[in-house]
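Enquirer: Here is what each chain is made of, one letter per residue.
There are 2 protein chains.
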Amino acid sequence: MALKRIGNQTIKLLNPPTILSNYSIVGPKEGQGPLKDYFDLIIEDDLWGQESFEKAECKFQEEAIRSAVDNAELSLKDMDFLIAGDLLNQIVATGYSARELAIPFFGLYGACSTMTESLSLGAMLVEGGFADKLVCATSSHFSTAERQFRFPLEYAAQRTFSAKWTVTGAGATVLSSYGSGPYITHVTPGRIIDPGITDAANMGAAMAPAAMDTLINHFQDTGFKPSDYDLIITGDLGIVGKSIVMDMMKEKGYDLGSVYTDCGVEIFNPRAQDTHAGGSGCACSAVVLNGYVLKEMKKGKFKRVLFMSTGALHSPIITQQGESIPSIGHAITIDINNE
Amino acid sequence: MALKRIGNQTIKLLNPPTILSNYSIVGPKEGQGPLKDYFDLIIEDDLWGQESFEKAECKFQEEAIRSAVDNAELSLKDMDFLIAGDLLNQIVATGYSARELAIPFFGLYGACSTMTESLSLGAMLVEGGFADKLVCATSSHFSTAERQFRFPLEYAAQRTFSAKWTVTGAGATVLSSYGSGPYITHVTPGRIIDPGITDAANMGAAMAPAAMDTLINHFQDTGFKPSDYDLIITGDLGIVGKSIVMDMMKEKGYDLGSVYTDCGVEIFNPRAQDTHAGGSGCACSAVVLNGYVLKEMKKGKFKRVLFMSTGALHSPIITQQGESIPSIGHAITIDINNE
Numbered sequence: 001m002a003l004k005r006i007g008n009q010t011i012k013l014l015n016p017p018t019i020l021s022n023y024s025i026v027g028p029k030e031g032q033g034p035l036k037d038y039f040d041l042i043i044e045d046d047l048w049g050q051e052s053f054e055k056a057e058c059k060f061q062e063e064a065i066r067s068a069v070d071n072a073e074l075s076l077k078d079m080d081f082l083i084a085g086d087l088l089n090q091i092v093a094t095g096y097s098a099r100e101l102a103i104p105f106f107g108l109y110g111a112c113s114t115m116t117e118s119l120s121l122g123a124m125l126v127e128g129g130f131a132d133k134l135v136c137a138t139s140s141h142f143s144t145a146e147r148q149f150r151f152p153l154e155y156a157a158q159r160t161f162s163a164k165w166t167v168t169g170a171g172a173t174v175l176s177s178y179g180s181g182p183y184i185t186h187v188t189p190g191r192i193i194d195p196g197i198t199d200a201a202n203m204g205a206a207m208a209p210a211a212m213d214t215l216i217n218h219f220q221d222t223g224f225k226p227s228d229y230d231l232i233i234t235g236d237l238g239i240v241g242k243s244i245v246m247d248m249m250k251e252k253g254y255d256l257g258s259v260y261t262d263c264g265v266e267i268f269n270p271r272a273q274d275t276h277a278g279g280s281g282c283a284c285s286a287v288v289l290n291g292y293v294l295k296e297m298k299k300g301k302f303k304r305v306l307f308m309s310t311g312a313l314h315s316p317i318i319t320q321q322g323e324s325i326p327s328i329g330h331a332i333t334i335d336i337n338n339e
Numbered sequence: 001m002a003l004k005r006i007g008n009q010t011i012k013l014l015n016p017p018t019i020l021s022n023y024s025i026v027g028p029k030e031g032q033g034p035l036k037d038y039f040d041l042i043i044e045d046d047l048w049g050q051e052s053f054e055k056a057e058c059k060f061q062e063e064a065i066r067s068a069v070d071n072a073e074l075s076l077k078d079m080d081f082l083i084a085g086d087l088l089n090q091i092v093a094t095g096y097s098a099r100e101l102a103i104p105f106f107g108l109y110g111a112c113s114t115m116t117e118s119l120s121l122g123a124m125l126v127e128g129g130f131a132d133k134l135v136c137a138t139s140s141h142f143s144t145a146e147r148q149f150r151f152p153l154e155y156a157a158q159r160t161f162s163a164k165w166t167v168t169g170a171g172a173t174v175l176s177s178y179g180s181g182p183y184i185t186h187v188t189p190g191r192i193i194d195p196g197i198t199d200a201a202n203m204g205a206a207m208a209p210a211a212m213d214t215l216i217n218h219f220q221d222t223g224f225k226p227s228d229y230d231l232i233i234t235g236d237l238g239i240v241g242k243s244i245v246m247d248m249m250k251e252k253g254y255d256l257g258s259v260y261t262d263c264g265v266e267i268f269n270p271r272a273q274d275t276h277a278g279g280s281g282c283a284c285s286a287v288v289l290n291g292y293v294l295k296e297m298k299k300g301k302f303k304r305v306l307f308m309s310t311g312a313l314h315s316p317i318i319t320q321q322g323e324s325i326p327s328i329g330h331a332i333t334i335d336i337n338n339e
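Top line first, the protein sequences correspond to chains X and U. The numbers in our numbering rise by one with no breaks, and the one at position 143 of the first sequence is 143. The numbers in our numbering rise by one with no breaks, and the one at position 256 of the second sequence is 256.
Don't read these hints as lab results, they were simulated from the structure. Note that the coordinates shown come from a computational prediction; the quantities given were computed from them, not determined experimentally. Treat the hints with caution; some may be incorrect.
[Claimed, not checked] Residues from chain X shown here face chain U by an in silico Cβ test under 8 Å; the list is partial:
| # | residue |
| --- | --- |
| 1 | K4 |
| 2 | G7 |
| 3 | Q9 |
| 4 | L47 |
| 5 | W48 |
| 6 | S52 |
| 7 | L74 |
| 8 | D78 |
| 9 | P104 |
| 10 | L121 |
| 11 | G190 |
| 12 | F224 |
| 13 | D230 |
[Claimed, not checked] Think about it this way: if two alpha-carbon atoms lie no more than 30 Å apart in a straight line, the pair counts; the simulated BS3-like pairs of lysine-lysine are:
| # | chain 1 | residue 1 | chain 2 | residue 2 |
| --- | --- | --- | --- | --- |
| 14 | X | K12 | X | K299 |
| 15 | U | K301 | X | K225 |
| 16 | U | K299 | X | K4 |
| 17 | U | K301 | U | K77 |
| 18 | U | K12 | X | K12 |
| 19 | U | K250 | U | K301 |
Even glycine gets a Cβ: it sits at the ideal position worked out from N, Cα and C.
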């Protein structure tokens with residue numbers, strides 16, 4: 001079989017899978033932000049009636065998966081695979097939601113890059129004939145992530161201005177071998193890049209070089225220019241990381257111009273909502289993709305989108321041991337047309 | 001393209017990828033066990049000169065990957081993907097070893113099922129034409145796992161008889177589209193099954209039903225009988241889990257007989273080494289596969305092997321919240337012949 005790779009690290013999907021359906025759920029703060037009208041469900045109680053924030057996050061992810069499958073007018077039994085992950089230790093939000101679903105399951109850990117990690121693998125598995133229909137998903141929760149990575153909420157720690165606000169929510173996407181688009185036409189998986197930053201409250205700067213590495217490889221591999229896209233959107237670099245990417249890509253000869261933004265910049269109003277450098281977390285890119293981006297693609301606003309979730313692959317124990325924060329970004333091209 | 005699925009949840013690989021090379025490293029205790037002559041490298045200092053057990057585990061995994069690639073007479077740049085994971089929070093043993101390797105990277109979390117999770121995805125990506133050569137890897141370390149899941153070693157907690165001993169080590173496997181075998185011919189990804197066990201010192205019983213679910217699906221989907229295999233080997237059910245699988249599979253009409261064993265049973269001598277119910281951890285199945293099984297296949301002892309790593313997808317925080325332990329097993333068929 002001919003290899004489907006082009007250039008260094010991009011896959012060109014000859015029979016691009018269709019995004020058959022998508023679903024997004026968010027918490028109360030996201031439901032007051034600039035994208036509130038795009039989300040399928042806004043939950044006012046961020047415990048969603050559960051005993052713990054962790055169990056609430058499980059419920060967010062499970063409901064997003066069930067609803068995406070419903071939206072495709074399919075049942076859980078029709079799903080050949082579930083490909084999903086989250087930010088928590090041992091990805092328990094995913095493991096415990098997947099427990100209820102009985103779908104053959106591949107668990108991922110890609111930190112906040114999970115949405116495009118799952119779509120990258122999912123798109124290849126469908127295109128390769130290993131699955132006819134599958135579901136990709138992820139979640140995050142402000143209160144589980146604070147306890148996991150920073151300080152339990154009860155400490156009332158102050159937040160620096162470079163800190164981001166973890167999005168509470170979940171997104172799920174059903175991919176299939178049939179359908180009329182939007183299509184995933186290219187996949188550029190990322191490599192790990194570590195610029196040496198040790199401050200877990202400055203993730204935007206830690207992740208920006210990994211985002212740039214994937215962007216540059218994508219443009220070189222495919223021959224696309226930034227202007228070939230109607231939207232180039234990174235996952236959760238936030239205000240700090242976005243401005244680094246804009247400036248440094250220009251130095252490298254790529255003017256991202258007005259087509260570039262970041263999900264973490266779009267999801268909150270930083271002044272009115274006190275979210276400092278913007279949104280983050282697996283759900284940040286997941287709900288912006290499954291809420292805003294795909295809905296605007298179907299309405300015709302965007303024809304071709306370069307979508308890249310970005311992730312920081314550290315843990316509290318290893319940063320306490322003095323290590324810096326390695327990061328990664330996985331990019332996919334989503335196109336209304338099947339080239 | 002014709003779908004490559006057979007039955008409920010098995011993939012039949014039409015152009016089976018070759019296992020081009022493999023490598024195993026273990027710590028001192030594993031290097032005194034019954035399989036000691038099969039491991040490529042035995043490290044006598046389980047810190048391996050590093051400042052922390054976590055950093056030692058990174059070194060185990062990085063060295064296993066580099067050496068497997070060397071064994072294939074290839075360089076890291078030839079690897080299209082690295083597909084890997086481990087047991088630690090935010091899979092830092094994998095993330096920090098991958099940082100040094102500059103290979104496009106998919107991070108997994110499958111707990112102790114990681115070796116066959118990575119080989120399952122890797123085999124499909126090669127067979128589908130998305131990669132020509134890639135490397136699959138995982139690691140675990142007794143001292144990082146005790147701190148992560150149970151008690152820091154300094155507490156000197158007593159171990160129950162159902163408890164297993166996490167293997168210190170790492171294994172890596174290079175897959176390619178060319179070569180003369182052994183081949184991965186079938187993949188049966190697992191579903192999550194939770195029998196309701198809440199004791200994190202009784203993982204064998206927690207994982208046995210997930211192992212059985214995948215075994216039964218594999219036999220039903222493929223039409224293979226246990227006697228079609230020269231070896232059926234699960235990942236780390238240990239003595240307790242193995243006997244549950246033997247007994248309950250017999251009740252279901254499958255006599256696994258003398259071809260069945262478990263990596264966690266084989267790797268230690270429980271009485272002489274005080275390892276209670278046997279070995280566990282991602283490295284348990286990884287080093288038994290990349291040490292014992294593949295080497296004996298190449299010598300001709302086993303022609304067809306059903307290999308299944310098994311994993312328990314809990315975390316300390318969710319078991320403290322009263323949750324039981326969901327588990328999974330992913331199975332692959334490895335055959336000397338390309339059917």
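Enquirer: Tell me, which hint numbers fail for this structure?
Expert: 2, 4, 5, 7, 8, 12, 13, 15, 16 and 17
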